[in-house]
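A.B. asks: Sequence:
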Amino acid sequence: MAKIPLTPFGGLFILVAFKLGQMNPTVAIASNPKPPSPSEPPVHHIVLIKLQPDVTPEEIEQTIEDNRRLISAIPGVLEVSLGPKARDDRDVHLKDYNLGLYVKLSQNADLDIYGPHPNHQEFLRRNRAKIANIQVIDFYGE
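In the working numbering, the protein residues as written are 1214 to 1355.
It cannot be assumed that every hint is accurate.
As the list claims (entries may be wrong) - In silico DSS-like links for lysine-lysine, alpha-carbon gap of 27 Å or less: (1) LYS1308 with LYS1343; (2) LYS1298 with LYS1343; (3) LYS1298 with LYS1308; (4) LYS1298 with LYS1263; (5) LYS1263 with LYS1308; (6) LYS1263 with LYS1343.
None of these hints come from the bench; they were simulated from the model.
The whole structure should be built from the sequences, with the hints applied where relevant.
C.D. replies: Dropping the structure here:
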């Protein structure tokens, strides 16, 4: 696998995904965003989700709907998107995941609210049995 150069924020990350059937990714703009801090850039939270092999397309759609309903309502969340991998046909593409979750938070401290928040915990409770593995990347950006 090719080496990816590190940036001042710890790494370069390219999120890619492939289409599974007729499933569509979801994008939700949070209904309760707080403005980003003028002294700190927003934090981008990426979760790569590898599903259990027996997860059905209907169960994947339910996971996407759970995300749309629950995660976007967490304080500090500015934007949320969850969808299936779009492609992995190049050597540089990460291959070991089925769904990509993107959450934009107004500041780093919001990750401390996000993780234990009841909505995040409910999302995990409802979907944990479908998940074989997750990988997380958090980085600063615009």
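A.B. asks: Does LYS1263 pair with LYS1343 here, judged by a C-alpha cut-off of 27 Å?
C.D. replies: 9 Å, holds
A.B. asks: For LYS1298 and LYS1308, compute the direct alpha-carbon distance and say whether it is at most 27 Å.
C.D. replies: Holds: LYS1298 and LYS1308 sit about 9 Å apart, inside 27 Å.
A.B. asks: Has the given pair, LYS1298 with LYS1343, been kept, meaning a C-alpha gap of at most 27 Å?
C.D. replies: Given that 27 Å is the threshold and the Cα spacing comes to 16 Å, the pair holds.
A.B. asks: When you check the alpha-carbon spacing of LYS1298 and LYS1263, does it fall within 27 Å?
C.D. replies: Holds: LYS1298 and LYS1263 sit about 10 Å apart, inside 27 Å.
A.B. asks: Regarding the pair LYS1263 and LYS1308, is the alpha-carbon distance no greater than 27 Å?
C.D. replies: 10 Å, holds
A.B. asks: Check whether the Cα positions of LYS1308 and LYS1343 lie no farther apart than 27 Å.
C.D. replies: 18 Å, holds
Going through the hint list in order, the structure satisfies each hint without exception.
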